[in-house]
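**Q** Listed below are the residues making up each chain.
Protein chains: 2
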Amino acid sequence: MTLRNLLNIKYPIIQAGMVWCSGWELAAASANTGILGVIGSGSMYPDILDHHIKKCQSLTKRPFGVNVPLLYPDLDQHVEVILKNNVKIVITSAGNPAQYTQILKSEGVTVLHVVSSTKFALKAEQVGVDAVIAEGFEAGGHNGREETTTLCLIPQVVAAVNIPVVAAGGIGSGKAMHAALSLGASGVQIGSRFVASKESSAHQLFKDLVVDSSEGDTVLTLKELAPVRLVKNDFYKKIEMLYHSKPTKRELYQLLGRGRAKKGMFEGDLINGELEIGQVSSGINEIKSTADIVKELVSEFNETQVKMAKIELPV
Amino acid sequence: MTLRNLLNIKYPIIQAGMVWCSGWELAAASANTGILGVIGSGSMYPDILDHHIKKCQSLTKRPFGVNVPLLYPDLDQHVEVILKNNVKIVITSAGNPAQYTQILKSEGVTVLHVVSSTKFALKAEQVGVDAVIAEGFEAGGHNGREETTTLCLIPQVVAAVNIPVVAAGGIGSGKAMHAALSLGASGVQIGSRFVASKESSAHQLFKDLVVDSSEGDTVLTLKELAPVRLVKNDFYKKIEMLYHSKPTKRELYQLLGRGRAKKGMFEGDLINGELEIGQVSSGINEIKSTADIVKELVSEFNETQVKMAKIELPV
Chain Z
0 MTLRNLLNIK YPIIQAGMVW CSGWELAAAS ANTGILGVIG SGSMYPDILD
50 HHIKKCQSLT KRPFGVNVPL LYPDLDQHVE VILKNNVKIV ITSAGNPAQY
100 TQILKSEGVT VLHVVSSTKF ALKAEQVGVD AVIAEGFEAG GHNGREETTT
150 LCLIPQVVAA VNIPVVAAGG IGSGKAMHAA LSLGASGVQI GSRFVASKES
200 SAHQLFKDLV VDSSEGDTVL TLKELAPVRL VKNDFYKKIE MLYHSKPTKR
250 ELYQLLGRGR AKKGMFEGDL INGELEIGQV SSGINEIKST ADIVKELVSE
300 FNETQVKMAK IELPV
Chain W
0 MTLRNLLNIK YPIIQAGMVW CSGWELAAAS ANTGILGVIG SGSMYPDILD
50 HHIKKCQSLT KRPFGVNVPL LYPDLDQHVE VILKNNVKIV ITSAGNPAQY
100 TQILKSEGVT VLHVVSSTKF ALKAEQVGVD AVIAEGFEAG GHNGREETTT
150 LCLIPQVVAA VNIPVVAAGG IGSGKAMHAA LSLGASGVQI GSRFVASKES
200 SAHQLFKDLV VDSSEGDTVL TLKELAPVRL VKNDFYKKIE MLYHSKPTKR
250 ELYQLLGRGR AKKGMFEGDL INGELEIGQV SSGINEIKST ADIVKELVSE
300 FNETQVKMAK IELPV
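Residue numbers (numbering that gives the first Met the number 0), protein chains in the order written: chain Z, 0 to 314; chain W, 0 to 314.
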C-alpha cells in the first residue's frame, strides 16, 4: 500500500497539524493542492474543531485529516466530533495510541501515529495504525527524549516496521523531500514551511520571525515535562534562567503557565509567548501561498531527480 | 571542481580521521578502495604520526589525507611532519583555520575544514580552504553548539558557499549517502561506520559496543568545554551527576582528566573511558572489512538510484 493510495492524495506530502497554525484555511488549501491537509485540534475546544471541520469540508472535496495530540483534555469529545463529521483520516501524536486507534479503526478511520523512535513505531504498528510518522530531533513542537535526528531515525524505522513510514522533521524543500524518500520513507510531513504560508493561522509577526530566523535560533527544551522545540526568545531565556536553580517539575509548569503557545503563535507576542518551530525555519525565506509552496516542493523534487540521475558510481 | 577531481578519488567518500580509530591500517585500506583514507592525528605525537604516514604510503599509491584538530598541542610539529612526508591533503577541524590554511596552501596542500554552521563555512571559504565538511548534530566526537542536524545544515551551507560541501553526521549507508547528495552535498564523510571496520584501530570491545548500540545510546555533552557526542556509559553518568551540582569548567576538566578517550576507544575500558561515536551507530550491525563496507555503500547507493528513478510526481 503506498501512502498516496492509503490517503488518496496526489503527492506523498502531509501538511502537519499544528497548534494555533493549522485551521480550516490551511487544511483546505493544502487538500486542494493534492497533499493531505490536516487540522490541528490540539489548540481547539470541541465546538471550535467542529466549526473548522465543517468549514474545511465546504471548501474542498479532497480528503483531509485531523491531528489529535493524545496529551490534551477533551479527547473523547474531539473523537466524537471527528466521527460525527465523518472525517476519515486521523493523525494521533504525543501519547499512547492503543485505545484510540481501536475506536477510530472500528469506525473505518485511517489512523497515522507520530513517533520519535523505532521502539514506539513498533508499538504503534502492533496496535494497528495504518502508518507511522517518524519525527526527528530537528522538528518543531513536541518531540522525543532520545534526540534521534531524521537522517538516523528514518532508515531504522523503515527497517523495523511493515507499514508506510512518513518522515518528519527538517523537511521544508523538494531536496529534503527527495532525501527523505532516499532513506526509505513513503512520504513526508511538513510543518514549519506551512507555518510561513499565507493560509496558516499563525500571527503575522510569528510568520515574519520564522522567515527571519537563523541557524541555532531554536532549541529542544522542557525535557522534564514534554520535550518541545521552540524559538530562543525572552520566554525561553526565562526557562533557561529557571534551570540554573534546578527547578522542580511544578516550578517549570508554573513558569509555562497556561496559554503560552496561543499568546506567542496566535497572538504574536514574540517576547512572552511560546513559539514552536523546527530547525528548518532558518532555511525558510519567504511567506508564500500554500499552492505555491506545494508547486515549489514538487518542482524542486523533480529537479533533484534529474540531477541525481546523472550521478554514477562505478562498481 | 568536483570532489572526486579535487581529491583524485573514485568515490565521493571520505573516511573520517578519528582519534584512536583511524591509523595507517584504516587509512591505507580506505585509500585502496577508491575513497579518501584519512589518518587521525589528534591522538598521535608527531613521531607517531610520522610513522603512520610512512606506513600508509608504503601500502597505497592512492592519495590519503591527515586530519588535524586545531585544538590539540604539537600543531606546528604535526604540520612539519605532514609537509616533510609530502602528504597532499589535510582536513582541519575544531578551531580557526586561518593560519594553517595559509601555511598548507602555500606548500601546495589541498585543505578541507570541518564546520558545524553556515557562519563557520563562510569563514573557512574566506580564508581559502578548498572544500568544507559540514557536520550535523548527530555526528560522533566534537561537534557544534548550535545542534543543527545534517538534514537542516547541508542545504544551507551549499546555498551559502561556492566551494564543494561534504556532508558528515548520520551517514553510514548508501541510502544516507544518496540523501546527502540529494541535499546538494558533493560527497560524504563517514566516521562511525569505519570505527566498526576490521582495519580500525578501535579496541575490539568498543567495536562490539558500536555494533550492539541502540537509538538514544549517545548524547552531545560537555557543551561548556567543547561539545562532544559520546556513549552514555558509566563515565558519562559521572558527568551527568556532576552537572547536578552546577560545576565550573575547571571541575568538568578535572573529571574529564587526561587520556579518557584513549582509555575508552583504544584500550577498551567501556566503563571509565570516553567513547566517541555518532547516532548512526544504532544502525551499524556488523564489523566488516573496509573493502566490504565501501562495496556495500556503493551498491546501496546505486540501488537507491534505481528505486528513486521510479518515483514520479505529476506536475
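Read the hints as simulated data drawn from the structure, not as lab findings.
It cannot be assumed that every hint is accurate.
Pairs involving identical chains hold if they fit within one copy or between any two copies, as the list cannot separate such chains.
[As the list claims (entries may be wrong)] DSS-like cross-link-like pairs, simulated, lysine-lysine; straight-line CA separation at most 25 Å:
id	residue 1	residue 2
1	K306	K9
2	K9	K197
3	K231	K118
4	K118	K236
5	K9	K206
6	K118	K206
7	K306	K87
8	K122	K60
9	K245	K306
10	K53	K222
11	K261	K83
12	K87	K104
13	K294	K306
14	K309	K294
15	K287	K122
16	K206	K104
17	K261	K309
18	K306	K206
**Q** Please go over all the hints and tell whether each is borne out by the structure.
**A** Right, here's what the structure says about each hint:
{"no.": "1", "hint": "K306 with K9", "in the structure": "both (23 Å within a copy, 19 Å between copies)"}
{"no.": "2", "hint": "K9 with K197", "in the structure": "within (22 Å within a copy, 47 Å between copies)"}
{"no.": "3", "hint": "K231 with K118", "in the structure": "between (30 Å within a copy, 18 Å between copies)"}
{"no.": "4", "hint": "K118 with K236", "in the structure": "between (33 Å within a copy, 23 Å between copies)"}
{"no.": "5", "hint": "K9 with K206", "in the structure": "neither (27 Å within a copy, 45 Å between copies)"}
{"no.": "6", "hint": "K118 with K206", "in the structure": "between (35 Å within a copy, 24 Å between copies)"}
{"no.": "7", "hint": "K306 with K87", "in the structure": "neither (38 Å within a copy, 31 Å between copies)"}
{"no.": "8", "hint": "K122 with K60", "in the structure": "neither (33 Å within a copy, 51 Å between copies)"}
{"no.": "9", "hint": "K245 with K306", "in the structure": "neither (51 Å within a copy, 51 Å between copies)"}
{"no.": "10", "hint": "K53 with K222", "in the structure": "neither (36 Å within a copy, 49 Å between copies)"}
{"no.": "11", "hint": "K261 with K83", "in the structure": "neither (27 Å within a copy, 64 Å between copies)"}
{"no.": "12", "hint": "K87 with K104", "in the structure": "within (10 Å within a copy, 62 Å between copies)"}
{"no.": "13", "hint": "K294 with K306", "in the structure": "both (18 Å within a copy, 23 Å between copies)"}
{"no.": "14", "hint": "K309 with K294", "in the structure": "both (23 Å within a copy, 20 Å between copies)"}
{"no.": "15", "hint": "K287 with K122", "in the structure": "neither (38 Å within a copy, 31 Å between copies)"}
{"no.": "16", "hint": "K206 with K104", "in the structure": "neither (36 Å within a copy, 45 Å between copies)"}
{"no.": "17", "hint": "K261 with K309", "in the structure": "neither (47 Å within a copy, 43 Å between copies)"}
{"no.": "18", "hint": "K306 with K206", "in the structure": "neither (32 Å within a copy, 37 Å between copies)"}
Of the numbered hints listed earlier, those contradicted by the structure are 5, 7, 8, 9, 10, 11, 15, 16, 17 and 18.
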